[in-house]
Amino acid sequence: MAEYGERFFSPGDRKITLNFALAQQSPLDAEVLKRHFSPEKFLIKITPINPTYRAVEMNLKSHVIIDSPLQNDEIVSALRSEGYEVILSIGNIEENYIGSNCGQYLRAHLKTQAKMQVGYTYPINKPV
Numbered sequence: 106m107a108e109y110g111e112r113f114f115s116p117g118d119r120k121i122t123l124n125f126a127l128a129q130q131s132p133l134d135a136e137v138l139k140r141h142f143s144p145e146k147f148l149i150k151i152t153p154i155n156p157t158y159r160a161v162e163m164n165l166k167s168h169v170i171i172d173s174p175l176q177n178d179e180i181v182s183a184l185r186s187e188g189y190e191v192i193l194s195i196g197n198i199e200e201n202y203i204g205s206n207c208g209q210y211l212r213a214h215l216k217t218q219a220k221m222q223v224g225y226t227y228p229i230n231k232p233v
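So the mapping is simple: our numbering equals the position in the sequence shown, first residue as 1, plus 105.
If you are wondering where the hints come from, they were derived from the structure by calculation, not from laboratory data.
Hints should not be assumed to be uniformly reliable.
[To be verified] DEER-style ranges, computed between Cβ atoms:
no. : residue 1 : residue 2 : range
1   : Glu111    : Lys216    : 40 to 48 Å
2   : Gly117    : Arg159    : 39 to 47 Å
3   : Pro116    : Ile198    : 36 to 44 Å
4   : Ser115    : Ile192    : 14 to 22 Å
5   : Lys166    : Thr122    : 19 to 27 Å
6   : Thr217    : Glu145    : 42 to 50 Å
All residues carry an ideal CB built from backbone N, CA and C; glycine is no exception.
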């Protein structure tokens with residue numbers, strides 16, 4: 106994957122972005138990453154796992170704490186100490202409540218019996 110990504114890099118151009126939606130049970134080791142992806146060519150973007158029905162079904166819990174970004178500093182610091190530029194990308198939490206995040210489907214919400222506590226909390230207005 107690194108070799109493929111490097112084909113898109115030109116000196117002086119933007120770095121190639123590696124995007125990680127980190128789950129609690131998915132480690133990200135900065136030293137291992139550096140062995141394969143040069144910080145001179147790649148930057149790291151870390152995002153939370155959105156609270157979707159599929160994430161709940163797969164028992165995926167986000168490693169990124171969206172309402173307390175400073176608690177994510179350990180992994181960000183480790184990556185930066187290896188020379189990576191890091192973007193911690195936390196979207197507007199309101200999107201979780203609305204249910205408009207990527208991968209969140211209104212149909213799944215309407216069909217399920219087990220409603221979520223952290224998403225889809227806005228009332229659904231039916232057309233008149």
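Here's how the hints hold up against the structure:
| no. | hint | in the structure |
| --- | --- | --- |
| 1 | Glu111 - Lys216: 40 to 48 Å | holds, 44 Å |
| 2 | Gly117 - Arg159: 39 to 47 Å | holds, 40 Å |
| 3 | Pro116 - Ile198: 36 to 44 Å | holds, 38 Å |
| 4 | Ser115 - Ile192: 14 to 22 Å | holds, 20 Å |
| 5 | Lys166 - Thr122: 19 to 27 Å | holds, 24 Å |
| 6 | Thr217 - Glu145: 42 to 50 Å | holds, 46 Å |
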